[in-house]
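Asker: Here is what each chain is made of, one letter per residue.
2 protein chains.
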Amino acid sequence: MGPKTRREREREALREVILDAARELFVEEGFENVSMRRIAEKIEYSPTTIYLYFEDKLSLLYAICEETFAKLAKRMEIIRKEADHPVAALKKGCRAYVEFGLKHPNHYKLTFINHPHHPKDPDWKMEESLGMQAYGHLRAAVEACIEQKMFHATDVEAVTQMFWAAGHGITSLLITMEHFPFVNKNLLIDMTLDTLIDGLKK
Amino acid sequence: MGPKTRREREREALREVILDAARELFVEEGFENVSMRRIAEKIEYSPTTIYLYFEDKLSLLYAICEETFAKLAKRMEIIRKEADHPVAALKKGCRAYVEFGLKHPNHYKLTFINHPHHPKDPDWKMEESLGMQAYGHLRAAVEACIEQKMFHATDVEAVTQMFWAAGHGITSLLITMEHFPFVNKNLLIDMTLDTLIDGLKK
DNA sequence: ATTGTACACTTAACAGTGTTAAGTTGCGTG
DNA sequence: CACGCAACTTAACACTGTTAAGTGTACAAT
Chain A
0 MGPKTRRERE
10 REALREVILD
20 AARELFVEEG
30 FENVSMRRIA
40 EKIEYSPTTI
50 YLYFEDKLSL
60 LYAICEETFA
70 KLAKRMEIIR
80 KEADHPVAAL
90 KKGCRAYVEF
100 GLKHPNHYKL
110 TFINHPHHPK
120 DPDWKMEESL
130 GMQAYGHLRA
140 AVEACIEQKM
150 FHATDVEAVT
160 QMFWAAGHGI
170 TSLLITMEHF
180 PFVNKNLLID
190 MTLDTLIDGL
200 KK
Chain W
0 MGPKTRRERE
10 REALREVILD
20 AARELFVEEG
30 FENVSMRRIA
40 EKIEYSPTTI
50 YLYFEDKLSL
60 LYAICEETFA
70 KLAKRMEIIR
80 KEADHPVAAL
90 KKGCRAYVEF
100 GLKHPNHYKL
110 TFINHPHHPK
120 DPDWKMEESL
130 GMQAYGHLRA
140 AVEACIEQKM
150 FHATDVEAVT
160 QMFWAAGHGI
170 TSLLITMEHF
180 PFVNKNLLID
190 MTLDTLIDGL
200 KK
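So the protein sequences, as listed, match chains A and W.
Residues 0 to 201 (numbering that gives the first Met the number 0) are what the first sequence spells out, left to right.
Residues 0 to 201 (numbering that gives the first Met the number 0) are what the second sequence spells out, left to right.
Honestly, the hints are just simulated from the structure, not real lab data.
Among the clues, some could well be false.
No copy labels: a pair is met if it fits in one copy or bridges any two.
DSBU-like cross-link-like pairs, simulated, lysine-lysine; straight-line CA separation at most 30 Å [claimed, not checked]:
#1 LYS148 / LYS41
#2 LYS184 / LYS70
#3 LYS56 / LYS70
#4 LYS73 / LYS200
#5 LYS70 / LYS201
#6 LYS102 / LYS73
#7 LYS41 / LYS80
Assemble the whole structure, with the sequences as input and the hints as a guide.
Answerer: Structure representation (C-alpha cells):
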C-alpha cells in the first residue's frame, strides 16, 4: 500500500476516463448500440487503447454494473438505518429498489436484465459481487421482520427472494414494455408490496 | 380468400422453413448469437433470400414471438376452462406462465426480456399483438375472483398486472441469474402466489 | 550524455455482422 | 419462340469486436 507512482496514477485516471465515457454512452444508448470505436472517439484515443485497460467490451459492462450495485447497496443501507419499523424498512427498501430502476432504466437493464454472462469467465458469480451487498440489505430487513415475529413465514431466504422477484418484475416490465397500458406505477408498486406484506402478516 | 396458386403456396412454405430454422437457432443459441448467414446456411439458401420474406432480422424475431404468445394464450385458456375454483384457476394460470418460461428460457427471453423495440416500427404495440390474448386470460381469471368476492381489491387491471409482474419477476430472475443461490424454485413460486392471494383475501 | 528498454499508444488487419444494389437464372404466359 | 416477371444469388458497403505488429517516447542504467 505504498505511495502510487505518477505512472500508476495516470493509469488509473485514464481507466476512469474510459469508464466514464462508456457509462455515459451505455446508459444513453444501451450496451448493444455502442461500439468500442465510439467510446474511443469520445475520449480521443484509438479503439485499441481501451483493450490495455479492459479485457473486452463485457468487462467494461461488468465494471459499470459493480458501480450500480454499490450505489444501490448504499441507498438501501441508509434506508434500513433510518427506518424505525422493520416492516416499513422492508417496504421502503423495495420501493427504493424499484425507483432506482425506473430512474436509471438503461443502467438497470445493464445490471439486472440484459446482463450477459461472460463467455471467457463463465463462472462469474453474482453472489461474489457487490450485488450481494444490496441483496444482503434486503435480506436483513426481512430477517428483522421475521425475528420480531411480524411474519408467519420463517424462511428468510425465500421471503427475501420473493420480494426481490416482485420488485424486479414490476421494474423490468415497466422499463421494457413501454407501450403496454400499465396502471399508475405507484399504485402497482404499493399494491404489490402491501399485498405481499399483508399475506405474510400473522 | 380464393384458392391459393402454387406459387403462393410455395412462398408460404419457404417462409415457414425460414421461420423454423430461425426459431430453432434463436432458441438454442439466443437471438444475438445467430447471424442471418447461419440461418441461410441451415436452410441452404443465400442470406439475401431471407430478406425476400422478412424485412429484417428483428421481423423474424417478432414473428417467432407472436407464436410464443399464441401458445401461451392457448395453454392459459385451457387452464381457465378446466379449473373449477376461480382462485385455483388464477394460481394455475400464473404457474403455467412461469413454468412456460422456465421450460423455454430462450423463447421467454426473446419474447419478454430482451424484446428490442423495432427502430423502423417504433410504435409496435404489444397490446395489439397476440400477447394481449395471454394477458386477457390472466385478466379474466382475476375478474372472476373479484366478481365472486374472493378478493377485497376491486381494480382488476392493477391486480392482474401485479400477478403478471410477480410471475415475470420470478421467471426472469431464475432464467437470467443462473448462478445465484435461489431457494427451491417451486417453493419460491408457490410462496409468492400464495402470499399474494392471501393478501388479497377478505 | 548516450544507450537500452519498458511502456503507452496507434495502425492495419482479420473475421465477422446486418443489409442493399445489381446481376443471373428459369418458369409461365402472350 | 420470345418476353417479362419472379426467385434467387453474387458482390459489395459500412459497420462490429478484437488482435498482431509497429511506433515513439520517457525513464533507468551505464
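Asker: Could you figure out if LYS148 and LYS41 sit no more than 30 Å apart (CA to CA) within one copy, between two copies, both or neither?
Answerer: neither (55 Å within a copy, 60 Å between copies)
Asker: Is it within, between, both or neither when you check LYS184 against LYS70 at 30 Å Cα-Cα?
Answerer: both (23 Å within a copy, 29 Å between copies)
Asker: How would you classify LYS70 and LYS201 at a CA-CA limit of 30 Å: within, between, both, or neither?
Answerer: Answer is neither: 34 Å inside a copy and 39 Å across each miss the 30 Å cutoff.
Asker: How do LYS56 and LYS70 come out at 30 Å by Cα distance, when the copy is not named: within, between, both, or neither?
Answerer: Result: close within a single copy only, 22 Å intra versus 37 Å inter.
Asker: Could you figure out if LYS41 and LYS80 sit no more than 30 Å apart (CA to CA) within one copy, between two copies, both or neither?
Answerer: Cα proximity of LYS41 and LYS80: none, with 40 Å in one copy and 58 Å across.
Asker: Please work out whether the CA atoms of LYS102 and LYS73 approach to 30 Å or closer within one copy, between two copies, in both situations, or in neither?
Answerer: Classified as within; 16 Å inside a copy, 36 Å across copies.
Asker: Quick one: LYS73 to LYS200, C-alpha cut-off 30 Å, is that within a copy, between copies, both, or neither?
Answerer: within (28 Å within a copy, 36 Å between copies)
Hints 1, 5 and 7, counting from the list given before, are not met by this structure.
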